[in-house]
Amino acid sequence: MSLRITQKSLTLTTSKNLQVNLSEMQRLQDQLSSGKLISKPSDSPTGTVSALKLRADLRRGEQLERNANDSIAWLSAADSTMFEGLSVFSRVRNLALQGMNASSGPEAREALAVEIEGLREHMIGVANTKHLGRPLFGGTTGTDQAFDPNGTYIGDDGAIERTVMDGLTVQVNVTGEQVFGTNGSNVFDVLTDIVDSLRNDPSALNANLEALDERAVAFRSAHAQVGARYNQVEAMRERTESARLNSKNALAEVESIDLPATIMELKLQEVAYQAALSATARVIQPSLLDFLR
Amino acid sequence: MGTFDGLNVGLSALYAQRRAIDVTGQNIANVNTDGYSRQRVNTVADAGPSTPALFSRADGTGRGVRSVDVIRTRDDFLETRAHQEHASSAYLGQLQTVMGRIELGFAEPSDIGLAAQMADFWAGWDDVGLNPSDPAARSQLLERATTLASGFQQLDSTLAGLGASSVEQLQATIAEVNATAGRIAELNGTIRTAVSSGLSPNDLMDQRDLLVLQLSDQVGATARPGADGAIDVYVGAMAIVRSSSVEELAVEVTADAVTGEPQVDVVWKDDRLDATVGGRSKALIETHNVIIPDQRDAIAGVADELRAVVNGVHMAGYDEAGVGGIEFFVGVAGQLTVNSDIVDNPSLIAASGVPGGKVDGGNARKMAEQIGPDTSYRDVVVQLGVESQTITRRTQMQQTITDQLDAERESVSGVNIDEEMTNLVAFQHAYSAAARFVTTVDEMLDTLIRMV
Numbered sequence: 008m009s010l011r012i013t014q015k016s017l018t019l020t021t022s023k024n025l026q027v028n029l030s031e032m033q034r035l036q037d038q039l040s041s042g043k044l045i046s047k048p049s050d051s052p053t054g055t056v057s058a059l060k061l062r063a064d065l066r067r068g069e070q071l072e073r074n075a076n077d078s079i080a081w082l083s084a085a086d087s088t089m090f091e092g093l094s095v096f097s098r099v100r101n102l103a104l105q106g107m108n109a110s111s112g113p114e115a116r117e118a119l120a121v122e123i124e125g126l127r128e129h130m131i132g133v134a135n136t137k138h139l140g141r142p143l144f145g146g147t148t149g150t151d152q153a154f155d156p157n158g159t160y161i162g163d164d165g166a167i168e169r170t171v172m173d174g175l176t177v178q179v180n181v182t183g184e185q186v187f188g189t190n191g192s193n194v195f196d197v198l199t200d201i202v203d204s205l206r207n208d209p210s211a212l213n214a215n216l217e218a219l220d221e222r223a224v225a226f227r228s229a230h231a232q233v234g235a236r237y238n239q240v241e242a243m244r245e246r247t248e249s250a251r252l253n254s255k256n257a258l259a260e261v262e263s264i265d266l267p268a269t270i271m272e273l274k275l276q277e278v279a280y281q282a283a284l285s286a287t288a289r290v291i292q293p294s295l296l297d298f299l300r
Numbered sequence: 073m074g075t076f077d078g079l080n081v082g083l084s085a086l087y088a089q090r091r092a093i094d095v096t097g098q099n100i101a102n103v104n105t106d107g108y109s110r111q112r113v114n115t116v117a118d119a120g121p122s123t124p125a126l127f128s129r130a131d132g133t134g135r136g137v138r139s140v141d142v143i144r145t146r147d148d149f150l151e152t153r154a155h156q157e158h159a160s161s162a163y164l165g166q167l168q169t170v171m172g173r174i175e176l177g178f179a180e181p182s183d184i185g186l187a188a189q190m191a192d193f194w195a196g197w198d199d200v201g202l203n204p205s206d207p208a209a210r211s212q213l214l215e216r217a218t219t220l221a222s223g224f225q226q227l228d229s230t231l232a233g234l235g236a237s238s239v240e241q242l243q244a245t246i247a248e249v250n251a252t253a254g255r256i257a258e259l260n261g262t263i264r265t266a267v268s269s270g271l272s273p274n275d276l277m278d279q280r281d282l283l284v285l286q287l288s289d290q291v292g293a294t295a296r297p298g299a300d301g302a303i304d305v306y307v308g309a310m311a312i313v314r315s316s317s318v319e320e321l322a323v324e325v326t327a328d329a330v331t332g333e334p335q336v337d338v339v340w341k342d343d344r345l346d347a348t349v350g351g352r353s354k355a356l357i358e359t360h361n362v363i364i365p366d367q368r369d370a371i372a373g374v375a376d377e378l379r380a381v382v383n384g385v386h387m388a389g390y391d392e393a394g395v396g397g398i399e400f401f402v403g404v405a406g407q408l409t410v411n412s413d414i415v416d417n418p419s420l421i422a423a424s425g426v427p428g429g430k431v432d433g434g435n436a437r438k439m440a441e442q443i444g445p446d447t448s449y450r451d452v453v454v455q456l457g458v459e460s461q462t463i464t465r466r467t468q469m470q471q472t473i474t475d476q477l478d479a480e481r482e483s484v485s486g487v488n489i490d491e492e493m494t495n496l497v498a499f500q501h502a503y504s505a506a507a508r509f510v511t512t513v514d515e516m517l518d519t520l521i522r523m524v
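Going down the list, the sequences are from chains F and U. What the first sequence shows, in this note's numbering, is residues 8 to 300, in sequence order. What the second sequence shows, in this note's numbering, is residues 73 to 524, in sequence order.
Think of the hints as simulated: they come from the structure by calculation, not from any bench. This one's a predicted model, so the numbers in the text were calculated from it and none came from an experiment. The C-beta atom is built at its ideal place from N, Cα and C for all residues, glycine as well. Misleading hints may appear alongside valid ones.
[As the list claims (entries may be wrong)] Derived list of chain U stretches under chain F, where covered just means 3 residues or more per stretch with a C-beta under 8 Å from a C-beta of chain F:
hint	stretch
1	166 to 180
2	189 to 203
3	235 to 245
4	430 to 444
[Claimed, not checked] Not everything, but these chain F residues come out facing chain U in the computed CB check (under 10 Å):
hint	residue
5	Q33
6	K60
7	R66
8	G146
With the hints as extra help, turn the sequences into a complete structure.
Right, here's the structure in full:
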């Protein structure tokens with residue numbers, strides 16, 4: 008059956024078609040002005056789930072990077088502090104060797120002892136170095152310092168850990184005991200022994216030096232551990248960064264418009280709309296009335 | 073045939089053509105009137121007396137023309153289908169609107185929706201983990217937790233608001249339906265009187281059909297022809313309008329027998345029996361009774377999971393003083409809040425994984441790794457997206473069907489100006505010719521009279 012066309016149905020269909028054209032224009036302009044392909048879940052449910060997942064990944068990535076940066080700050084603070092401590096070891100060793108020399112008299116040894124006492128104070132200062140208000144080598148202690156003025160460890164053996172990748176935590180601190188030795192035989196005790204021997208019993212200095220070397224080895228290995236962790240965190244940070252970049256690109260692919268394609272589409276739509284408008288202007292105009300007398 | 077009968081024949085032609093011209097004028101006048109059906113004058117040739125009689129002079133020639141009645145051109149089958157399709161269109165259209173509003177409430181995907189707030193919340197835990205002794209990190213976490221909790225509250229109340237407004241809309245719709253049914257009943261009365269006195273109240277019938285179509289949109293009404301030009305209008309299996317009487321509808325809110333949740337329904341005002349409504353009302357009822365509760369349940373599920381996960385981890389940790397963690401979130405979905413004790417005293421945040429007042433962030437770190445609630449929330453959003461997309465597609469399909477049907481109805485009943493103009497020319501010529509005929513008869517009689 009062929010439809011009988013009336014002026015009203017013509018007007019209705021035409022305005023409906025114009026409406027369709029115009030709403031398509033609006034959709035494209037929305038996309039262009041917002042830059043987003045998906046503005047609500049029903050635009051693309053699968054795209055939405057990807058977008059949500061990628062956004063979550065992005066935020067998690069940012070946080071992991073922050074964690075890594077914080078770890079690096081901790082580790083590099085430990086690294087430079089321990090570097091300072093290393094020089095104390097070599098200086099003390101030199102002084103003790105001077106004391107062992109048969110030519111040095113009691114006055115000279117006393118002078119050496121005083122210098123080593125000074126170095127010991129300095130070492131306690133190093134051991135109590137703070138990072139962000141917390142003692143670097145104090146573990147998870149709530150106290151202000153890792154060692155008391157006598158050189159006794161008052162921190163704990165708690166590990167400060169950071170998540171630098173999902174499922175991977177890194178310990179960013181080394182405890183005072185790991186670095187300086189356990190109470191009773193720690194660096195400060197060894198230094199006290201050396202001072203004692205210099206003053207009273209130079210013959211014991213040999214054994215003291217051995218103890219000092221032992222502590223120096225432990226100190227260096229703790230230092231090396233810090234360096235190794237630093238490198239590990241640095242590598243993780245780079246991986247997180249590149250993963251975040253990937254997520255960002257993927258999100259743009261899922262969510263953002265293809266600008267040239269959308270502009271082309273809009274142009275085409277404009278042409279279609281104008282064509283529809285001018286066609287409408289012509290179609291609506293004439294009726295038999297125009298031709299009767 | 074009598075001497076003067078010719079004049080009568082001419083006169084009947086003049087009458088008939090003038091009537092036809094009048095009706096054409098009426099058609100043209102209503103070319104843009106909603107629901108108007110074009111009208112035609114039915115004419116028949118007046119056959120004259122055909123009964124043989126003693127002194128009958130009838131010679132078999134007719135006595136001119138008679139206009140029998142004026143009919144409106146419409147296809148009842150199409151009208152019935154229009155009622156059904158319009159009801160479906162209105163139903164789906166309303167559902168689409170609601171789904172669109174729900175999607176707006178979720179505001180996903182974006183940097184401000186619940187997903188983003190949740191991610192910020194987890195990141196806040198990580199910051200506390202980095203610096204457990206820093207009060208600033210703790211306050212930031214509390215701020216984010218409060219934002220997240222109020223995000224859940226807000227979404228829930230937005231949804232609840234949509235449910236409540238659908239009841240208001242339903243009440244307004246039903247009030248309108250009752251008024252419209254009253255108008256139809258009135259028109260039925262007028263039309264019956266007109267028909268029984270031999271008139272053709274076409275224009276009143278058009279008005280009435282338009283009102284019935286409105287009822288189809290609103291409650292899915294259908295119409296059946298009754299006696300004397302009246303119609304009966306049905307909602308479900310019951311008549312809302314029977315001839316001139318109206319059965320009114322009412323909105324009833326009851327508590328569900330199992331859950332105690334309010335359920336809205338449309339009932340007959342007199343006997344309070346359920347009315348099987350369709351169209352927009354059906355969509356409004358579904359919105360309030362099914363769609364909104366489902367969405368609220370889904371969101372409540374996510375909130376419950378969040379509370380359980382966060383509290384579980386939190387209570388396994390230790391606060392700044394080294395005491396075991398307390399509940400972090402309290403309250404169900406709509407009223408999810410951060411435990412006020414913690415808000416008052418941020419040091420109660422159990423960031424530490426070891427007892428005894430250590431500056432440890434182990435538990436906070438563990439918290440930051442939780443992803444369960446995020447996944448559940450994404451599922452809810454995607455489910456909503458799929459449902460909304462389905463409704464949108466169904467609406468578009470239904471709209472195409474309805475539009476096409478409307479076009480067919482317009483094609484049958486609509487006024488075409490070209491056609492009317494052609495008819496007008498034809499009727500005008502017929503009128504001129506009839507006038508000419510009268511002149512001819514007049515001249516004939518003149519000739520006859522002058523012979524005497």
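Q: Report the numbers of all earlier hints that the structure fails to satisfy, in ascending order.
A: 3, 5
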